[in-house]
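Taking the hints into account, I'd like the entire structure generated from these sequences.
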Amino acid sequence: MQIFVDACPAVDIVEAIAEKYNIPVTLLCDTNHVLHSDYSEVIVVGAGADAVDYKLISICHKGDIVVLQDYGVAAMALGKGAYAIHQSGKWYTNENIDRMLMERHLNKKARRASGKNHIKGPKKRTNEDDERFAQSFEKLVLMTQAKEGEQNGTV
2 MQIFVDACPA VDIVEAIAEK YNIPVTLLCD TNHVLHSDYS EVIVVGAGAD
52 AVDYKLISIC HKGDIVVLQD YGVAAMALGK GAYAIHQSGK WYTNENIDRM
102 LMERHLNKKA RRASGKNHIK GPKKRTNEDD ERFAQSFEKL VLMTQAKEGE
152 QNGTV
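Just so you know, we're using my numbering here: the sequence shown kicks off at 2 and counts up by one.
Don't read these hints as lab results, they were simulated from the structure. Note that the Cβ used here is the ideal one computed from N, Cα and C, for glycine as well. Hints are not guaranteed to be accurate.
What the hints assert, rightly or not - Restricting the straight-line Cα-Cα distance to at most 30 Å, the calculated cross-link-like pairs of lysine-lysine (BS3-like) are:
| no. | residue 1 | residue 2 |
| --- | --- | --- |
| 1 | Lys81 | Lys91 |
| 2 | Lys81 | Lys109 |
| 3 | Lys91 | Lys110 |
| 4 | Lys21 | Lys91 |
Claimed, not checked - Okay, the calculated beta carbon distance ranges per label pair:
| no. | residue 1 | residue 2 | range |
| --- | --- | --- | --- |
| 5 | Asn23 | Arg112 | 40 to 48 Å |
| 6 | Ala147 | Ala114 | 41 to 49 Å |
| 7 | Gln70 | Thr32 | 15 to 23 Å |
Right, dumping it as structure tokens:
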């Protein structure tokens, strides 16, 4: 198992939990947001519109965990058998991804119809947000290790 992170504000939490369980992490970013890490491998891709997304999907595999914000990319990761989590701590699953994609589509359609294409960015991240993500992420790591261990006959 490996963890892939599409640059997000929870990188420190991901690395701390990954290090606790000795899981390799790869951070992906584009040339506009170069990251540095003492623990993770960092892959920097060109600044193309979806370059990081395409790279992430090309290198993640069944049983990996991906941390990202994009529902569409999460759907592709799930299609490859990876596990996906949003920086809020919400898990993307085969059971909820279709609804999430439909809501995104309908919201975009509503914004276009109203002429309000500019939306406010996300609220400032709080300590509670970090704690919620940490708990959810660690739970996902433990569940993934157990599932993958069962499938590989190591549990």
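query: Within 30 Å, alpha carbon to alpha carbon, are Lys81 and Lys91?
result: holds, 19 Å
task: Decide if the proposed pair is consistent with the structure: Lys21 and Lys91, CA atoms, cutoff 30 Å inclusive.
output: Holds, at about 21 Å.
query: Is 15 to 23 Å right for how far apart the beta carbons of Gln70 and Thr32 are?
result: holds, 19 Å
- prompt: Between Lys81 and Lys109, does the CA-CA distance stay at or below 30 Å?
  reply: Holds, at about 26 Å.
- prompt: Does the Cβ pair Asn23, Arg112 satisfy 40 to 48 Å?
  reply: holds, 44 Å
query: Okay, Ala147 versus Ala114 on CB: inside 41 to 49 Å?
result: Between Ala147 and Ala114, where Cβ atoms are some 46 Å apart, the hint holds.
- prompt: Given the proposed pairing of Lys91 with Lys110, does the C-alpha separation stay at or below 30 Å?
  reply: holds, 24 Å
Against the hints set out earlier in the document, no violation occurs for any number.
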